[in-house]
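Asker: Residue-level listing of the chains:
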Amino acid sequence: MAASSDRNPPPFPAAEDPEPGLVDPADGDSDEGEDIFVSKTNPVSVSRGVSQPDRGAEDPPDLFSEEEEASSTTAKSNGVHSDDDSDLFAEAHMELNTDKPGSSAKKELSASSGPRSTSTSTQSPAAMQPTSLEQLEEEEAKDSFDVDVAITNPEKVGDGMNAYVAYKVSTRTSLTMFRSKTFSVRRRFSDFLGLYEKLSVKQSLHGCIIPLPPEKSVVGMTKVKVGMDDPSSVEFVERRRAALERYLQRVVCHPSLLQDADVREFLERDDLPRALNTQALSGAGFLKMINKASDAVNKMTIKMNESDTWFEDKFQEVEAEEQQLRKLHAVVDSLVNHRKDLCGNTAVFAKSMAMLGNSEDNTALSRALSQLAEVEDKMEQLHQEQAASDFFIFAELLSDYIRLLGAVRGCFDQRMRAWQRWQEAQSTLQKKREAEAKLLWANKPEKLQQAKEDITEWESRVTQYERDFDRIGMTVRKEVLRFEKEKAKDFKSQIMKYLEAMLQSQQRLIKFWEAFLPEAKAIA
Amino acid sequence: MTSIDESNKEKLRSVSVDLNNDASLLIDIPDALCERDKVKFTVHTKTTLSSFQKPEFSVPRQHEDFIWLHDTLVETEDYAGLIIPPAPPKPDFEGPREKMHKLGEGEATMTKEEYTKMKQELEAEYLAVFKKTVQVHEVFLQRLSSHPILSKDRNFQIFLEYDQDLSVRRKNAKEMFGGFFKNMVKSADEVLISGIKEVDDFFEQEKTFLLDYYSKIKDSTAKAEKMTRSHKNIADDYIHISATLNSLSAEDSTGNKKNLEKLSDLFEKLRKVEGRVASDQELKLTELLRYYMRDIQAAKDLLYRRARALADYENSNKALDKARLKSKDIPQAEEHQQHCLQKFDKLSESGKKELTSFKGRRVVAFRKNLIEMAELEIKHAKQDYTHNISGLFPLKPSCSFCLTIFDLLEFFFFFFLL
Numbered sequence: 001m002a003a004s005s006d007r008n009p010p011p012f013p014a015a016e017d018p019e020p021g022l023v024d025p026a027d028g029d030s031d032e033g034e035d036i037f038v039s040k041t042n043p044v045s046v047s048r049g050v051s052q053p054d055r056g057a058e059d060p061p062d063l064f065s066e067e068e069e070a071s072s073t074t075a076k077s078n079g080v081h082s083d084d085d086s087d088l089f090a091e092a093h094m095e096l097n098t099d100k101p102g103s104s105a106k107k108e109l110s111a112s113s114g115p116r117s118t119s120t121s122t123q124s125p126a127a128m129q130p131t132s133l134e135q136l137e138e139e140e141a142k143d144s145f146d147v148d149v150a151i152t153n154p155e156k157v158g159d160g161m162n163a164y165v166a167y168k169v170s171t172r173t174s175l176t177m178f179r180s181k182t183f184s185v186r187r188r189f190s191d192f193l194g195l196y197e198k199l200s201v202k203q204s205l206h207g208c209i210i211p212l213p214p215e216k217s218v219v220g221m222t223k224v225k226v227g228m229d230d231p232s233s234v235e236f237v238e239r240r241r242a243a244l245e246r247y248l249q250r251v252v253c254h255p256s257l258l259q260d261a262d263v264r265e266f267l268e269r270d271d272l273p274r275a276l277n278t279q280a281l282s283g284a285g286f287l288k289m290i291n292k293a294s295d296a297v298n299k300m301t302i303k304m305n306e307s308d309t310w311f312e313d314k315f316q317e318v319e320a321e322e323q324q325l326r327k328l329h330a331v332v333d334s335l336v337n338h339r340k341d342l343c344g345n346t347a348v349f350a351k352s353m354a355m356l357g358n359s360e361d362n363t364a365l366s367r368a369l370s371q372l373a374e375v376e377d378k379m380e381q382l383h384q385e386q387a388a389s390d391f392f393i394f395a396e397l398l399s400d401y402i403r404l405l406g407a408v409r410g411c412f413d414q415r416m417r418a419w420q421r422w423q424e425a426q427s428t429l430q431k432k433r434e435a436e437a438k439l440l441w442a443n444k445p446e447k448l449q450q451a452k453e454d455i456t457e458w459e460s461r462v463t464q465y466e467r468d469f470d471r472i473g474m475t476v477r478k479e480v481l482r483f484e485k486e487k488a489k490d491f492k493s494q495i496m497k498y499l500e501a502m503l504q505s506q507q508r509l510i511k512f513w514e515a516f517l518p519e520a521k522a523i524a
Numbered sequence: 001m002t003s004i005d006e007s008n009k010e011k012l013r014s015v016s017v018d019l020n021n022d023a024s025l026l027i028d029i030p031d032a033l034c035e036r037d038k039v040k041f042t043v044h045t046k047t048t049l050s051s052f053q054k055p056e057f058s059v060p061r062q063h064e065d066f067i068w069l070h071d072t073l074v075e076t077e078d079y080a081g082l083i084i085p086p087a088p089p090k091p092d093f094e095g096p097r098e099k100m101h102k103l104g105e106g107e108a109t110m111t112k113e114e115y116t117k118m119k120q121e122l123e124a125e126y127l128a129v130f131k132k133t134v135q136v137h138e139v140f141l142q143r144l145s146s147h148p149i150l151s152k153d154r155n156f157q158i159f160l161e162y163d164q165d166l167s168v169r170r171k172n173a174k175e176m177f178g179g180f181f182k183n184m185v186k187s188a189d190e191v192l193i194s195g196i197k198e199v200d201d202f203f204e205q206e207k208t209f210l211l212d213y214y215s216k217i218k219d220s221t222a223k224a225e226k227m228t229r230s231h232k233n234i235a236d237d238y239i240h241i242s243a244t245l246n247s248l249s250a251e252d253s254t255g256n257k258k259n260l261e262k263l264s265d266l267f268e269k270l271r272k273v274e275g276r277v278a279s280d281q282e283l284k285l286t287e288l289l290r291y292y293m294r295d296i297q298a299a300k301d302l303l304y305r306r307a308r309a310l311a312d313y314e315n316s317n318k319a320l321d322k323a324r325l326k327s328k329d330i331p332q333a334e335e336h337q338q339h340c341l342q343k344f345d346k347l348s349e350s351g352k353k354e355l356t357s358f359k360g361r362r363v364v365a366f367r368k369n370l371i372e373m374a375e376l377e378i379k380h381a382k383q384d385y386t387h388n389i390s391g392l393f394p395l396k397p398s399c400s401f402c403l404t405i406f407d408l409l410e411f412f413f414f415f416f417l418l
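For the protein sequence lines, the chains are A and B, in the order given.
In terms of full-length UniProt numbering, the first sequence opens at residue 1 and continues consecutively.
In terms of full-length UniProt numbering, the second sequence opens at residue 1 and continues consecutively.
Because the hints were derived from the structure by calculation, they are not lab data.
Remember, predicted model here, so these are calculated numbers, not experimental data.
Treat the hints loosely; a few may be bogus.
[Stated by the list, open to error] Simulated DEER-style distance windows between Cβ atoms:
id, chain 1, residue 1, chain 2, residue 2, range
1, A, Q381, B, V364, 44 to 52 Å
2, A, K351, B, L127, 50 to 58 Å
3, A, S232, B, A188, 30 to 38 Å
4, B, V191, A, A163, 33 to 41 Å
5, A, A524, B, I158, 49 to 57 Å
6, B, A108, A, R179, 53 to 61 Å
7, B, L127, A, A163, 38 to 46 Å
8, A, A524, B, K326, 36 to 44 Å
9, B, D92, A, Q323, 37 to 45 Å
Every residue gets a Cβ at the ideal spot worked out from N, C-alpha and C, and that includes glycine.
Using the sequences and the hints given, assemble the complete structure.
Answerer: Here it is as structure tokens:
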């Protein structure tokens, strides 16, 4: 997921048909692509957001037939496959074809006829098990760029220990469920945490991978509160701003979360009530800790009877990946520190070289040495930018995904809890039945009625919990696939950004040294 | 046994140019053996001079032998007016040895591949230190051989020729004390040199210049060393990053696998580049500064000796005046005064020559090294970094007419890395 603040969503022109066969980065993933092919991509992506009632009235059977066709053609382009550059244009072509029918599927989900399509898409797996996975994959490939958020202007409000930093949250959207197309509000950090808290307890979102906000930092915030303007607190605020932006971008890119009223309220409402239960030392905080502990104990005591090995395999994969990412993050951290050291050392060396140049009595050599000092100064700047790129692009990407993988594990846990509930209900039902049998044998008709009522109640509960469990299973599956897709995209775009930055800095390095070379040659 | 080929030596020898050109006496160190802390150099001489017994011969020498030779030359009165080439520093393998030790301790935390790569890197570092120490010893001898006066020194010839073990061992004890006194004398010299009244403008300028320049170049050398070390640390980090990315991609079954693999390969290539950048900087910049720091110290020593001679001369003048006053021992005093004057004059004359040629030498060496360093930086950035990264996607060309086509291609590479 390219969560960059300078990404432009497509503008809002009249609907036009895209020319077929035009090679079009239909993935819609890159800014540049959308800027250049703007007139071509627009109708495709924008029409998703517009509730065109005539298209909405299109029958679901069409949906599936289109999706079938789409899934068969895009099945190749999703997932792992051999990377052959010669296939580039073939793939580009395919994606264009599938984008059109696929977009209608996506549009169905986000338009007002939402509930109907979600129910159809959840029912369909039961009907067509083998293709459902591909279908899910295919659905996830259609991105919604209808909402774009940016977080800017961190400003300190208030003074002393009660001070906080307020951020400007700007939203640009073409969806009609919002009141206007562009709007902005001011939010503080605890508001973001509050949003997460609200989302994470919602029953309807169980099984979803809810993105995590950045962590609280007492040390960092205290420095900012106290009012120190040193580079480390500036960096802290910038780091937090970027992290909040990525968090919010992930939230709005999630199809289910975008529907949520709380999310909309967060983006739109001018005055949000303060989320007090996010404070570390509040009653809610303690409750959370206790719940977490009890959950951990539960996990250890009950081993789930897994009918579907997919979940177990995936869970292990996720755990292993999280470990490796942690390791990688540690190394990248070390890289950032070493590069910062290099910065410092280069700056110091540049000064020393300048002094040496001053003492040198041969004029040409003196000039060359001063030039060398300047080059090293410029190098220091390059190193600093590279260190920032290392950190903000690479290291933060890794730390985001380490936490997200934790959230993924959380979903699996939720599913397991649903299973537990179901099992417990079943055993309770069993007990009730035994109780009824006993009563029957003991011949107490008054209590029998009560027992029968109990049984019916628990039977319905069992069915309910079983359905919940299945539903969560489905959601988790879908979510994990969507997450993997997003992760691949995110990594790709961030890696590209990182490499581009590296490349640019190398280009500048070349220029600096090429400018120095004649000076060195001029020494006589 | 580690042998160093000619091309490498040529590259290493750039700190002091124009050496070993005189066919009448050619010296080199073709081989060196490293055992524990001791390095045994094989000093090979080819000569057409009749003062030597054979036209070509080799002898094994240790570092201490070089130090002995240097000290003997310094203590020779006749050479007081010459800049004695600085003694080569003691071979120092402490850095790589410590790192090797740490690597051994951390072996359990890394994959086998990672460990092998780190070990290779360390071995290369070790080899670099080794090569440097050989070069520095070689340059010392070559400067002696190319000096018109010093090359004829008897001790130098013994050093080159004597095929028995130079009995330097018993000098060690004497050296320790000698060294201690030497340092004390040196600090007294510094006071002397700053206090003495200089009659000659040239030497006055040189004195000011050299004192100032020495402290600055010493500072620069230390800072350059730190900078190079940071580069090496970054190269090491790249190794770890590449290895971890490799493990990640091996276990990945999603679309991310290819991305991680490519990134891992890239970092592997980049770490080699960073390593080379670091070592080139070390050789061209840090080593240059280090060498000339020592050379300037040798020039300063010349100035000290001259200052001492001047002090002696002034004292002899005072003694002569006193003798004349007392009308006693006048001829001895006169003779002594003459002797001091002669010595001082000789020192001044040869000193002037030496310092002037030293200036020229320094400028030439700096020029050569700075040019080479700039060229290497450019080469590394162009060929290695840019080439490797743009292997993942094409470079933005500077020419505008092909801009659009390349940009298009670039966009496609962006998307379809998978």
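Asker: What are the numbers of the hints the structure violates, in ascending order?
Answerer: The structure conflicts with hints 1, 2, 3, 4, 5, 7 and 8, although it agrees with all the remaining ones.
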